[in-house]
Amino acid sequence: MKIVVYNEQKVFYKGKSLNAPFADEAVKEKSIDLFDDDDPCIIHKSYVFKTLAQQIEDALENSEGSEISLNAHPEIRKTLDIDAEGLKIRKEDG
Amino acid sequence: MRYFDYAATTKPTEAVIKAMVESMRAYAGNPSSLHSLGIHAKKRYNQAKKNIAACINADKDNIVFTASGTEANNLALKGTAERVPKKTILTTTIEHSATKNTCAFLKKNGHHVVEIPTDQEGFVDQKALQNALKVYDVALFTLIYANNEIGTLQDLDAIVKLCRKHGALVHIDAVQAPLHENMDMKAIDCDFASFSAHKFFGPRGIGFLYVKDIATLAPIIHGGNQEFDLRAGTENLAAIVGCEAALKEASKKVSKREALIEENAKYFLKRLKEENIDHILNGPPLFKRRLNNILNIGFYRQDGEKLVFDLDRRGFALSRGSACSEGSIENSHVLQAIGVPKDYIDGSLRFSFSHRERKEDFDKLIETLKILIR
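Chains as they are written, first to last, in the numbering used here: chain A, 1 to 94; chain B, 1001 to 1374.
Do not take every clue at face value.
Listed next, the in silico DSS-like pairs over lysine-lysine satisfying Cα-Cα at most 25 Å (straight line) [as the list claims (entries may be wrong)]:
no.	chain 1	residue 1	chain 2	residue 2
1	B	1087	A	16
2	A	50	B	1186
3	A	16	B	1370
Partner residues are not named here, just some residues of chain A that face chain B (Cβ under 8 Å, in silico) [stated by the list, open to error]:
no.	residue
4	11
5	42
6	47
7	71
Just a sample of chain A residues kept apart from chain B, beta carbon distances all over 12 Å, derived [as the list claims (entries may be wrong)]:
no.	residue
8	46
9	58
10	85
No wet-lab data here; the hints were simulated from the structure. Yeah, the Cβ is synthetic: ideal placement off N, Cα and C, and Gly gets one too.
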C-alpha cells in the first residue's frame, strides 16, 4: 500500500508503507516483542518492518474516512521517525 | 493455521512423544556406564540403532547418531577431508546451506572444492561430473538427493556408478527423502547418507549419518569413544528412541501416502491454472523424478517476502528459501542456480505439504492467493 505522511505544513513521506521512516527504537522494540531479539538479522528485521507497515495499513483500512490522524493513533505515531506535530496518514492511489 | 512448510519441519506424532517420555522415565543411566542402569540404557540404545538401521536396509554398525542432518553433513564432509586432505571434493550448485557452507569452510581452509552445475530442473549435469571425475583426484562427491527447495530427486543409480568408476566416495543428503520413499542403502550403494528425524515426524535435535565403512571417516567432535569414536558425547537416548519411532512409522505405507500427495499436487497446480494466476513451477514437472510434496511456485512480478507475510496473516504457514547475505535478503541460491527468470524468482514460494491436507485446504489457499495476487 502506498501512503502519504503529512501535516498541514509539509509532506514528510510518500511511498510504500513498508519503506516508511520507522524509528530505530520502534524497530528494536517490535523485534524484542516478536522475537525477544534486540539485534535481529536482516530477515527478521524485514519481518518487523512488515509488521509495523501492516499496523498502518490496518488502521487505514479500519478508518471511516480516507485518512487517520496520528494523534488518535499513538501506537503508530511512536513508530515513525518524524519530528513534527499534527501528523496524518492517507492512502495514496496507485 | 494451515501448514504448508513440511520441508522445514514436521510435528512429532503422539507415538513419538510417548516413546520419548517413556524413555526419559525408564532409562536413567548413561549408556557408557558399566552398572545395571547404564547397561539397561545401552541395551535400549542398541535396539533403537538396529531398528533404525533396518528401516533403511543397513546394519547397526552403519549408523552414527548426530544432533542434526546438518551435523551429519559436516561429519561426512569434514571427516572425509580430514582423512584425504589433498584430494578434491565435488558438490553441486543447489545444495542445502548445511553442505554449501561446509564446502565453503573447507575451501577457506585450503581444500579443493569444485561445484558441478545442474540443468534447469535441478538435475546434476552428468557430463560435467564425468569431466570433473576425470580431471581431479576426487575424494568425495556430495549431493542433495531430494532437493529441499524444488523437490528434484537425483538419479543416484547413474551418479553412484560414475563415481565408483573413478574411485570417488559418494555422500547424499537424504534428509527430505524418508517420508516419501523407502530408503534402501544397500541398493543405493552410496558411502554416506544424512538423515534428520524432525523431517519425518520425529523430534528435533537428532539425526544420523549412514556410513558404509567407518574407516573412511575421521571424527570432527573429539572426546569419549561413542559412535565408533566418530562423534563423542553422551548419547541422547530419548531423542534416539523418538527417531526410531518416527522412522518406523515413516517407513510404512509410503506408497499410500505418496498417492495422496500426488493427488494434492496435481489438484493444486490445476487450480492455479484454472484461476489464471500467472505462475511457473520451479524444478522438474510433476511426476518426473521429484518429490511431489515440494512445489516451488514462482508468481509473476510478486514480492515473495510480502506474500509469505500476508499468507501467514491469513492462516497459511510456508517459506521461501531466501537467505541473509551481507545485510540484505537474497533470493535462494538454488533458484538462481537453475536459472529461474527474474520476473518469477522474487515471487517464488515453496509449498511443502503432507498426505494429510485435503482438497479444501488447497481451495482456501487458492482463494487467498487470488486476493493477494492482483
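Now for the hints, and whether the structure bears them out:
1. B/1087 with A/16: Status violated; Cα separation ~52 Å.
2. A/50 with B/1186: 49 Å, violated
3. A/16 with B/1370: Between residue 16 of chain A and residue 1370 of chain B the Cα gap is close to 21 Å, so the pair holds against 25 Å.
4. 11: With a minimum Cβ separation of about 24 Å from chain B (threshold 8 Å), the hint on residue 11 of chain A is violated.
5. 42: This hint holds: residue 42 of chain A lies near chain B, its Cβ roughly 5 Å from the closest one there, short of 8 Å.
6. 47: 7 Å, holds
7. 71: This interface hint is violated because 27 Å lies over the 8 Å limit.
8. 46: 6 Å, violated
9. 58: Incorrect as stated: the minimum Cβ-Cβ distance to chain B is 10 Å, not above 12 Å.
10. 85: The assertion about residue 85 of chain A holds, with a minimum of 32 Å to chain B.
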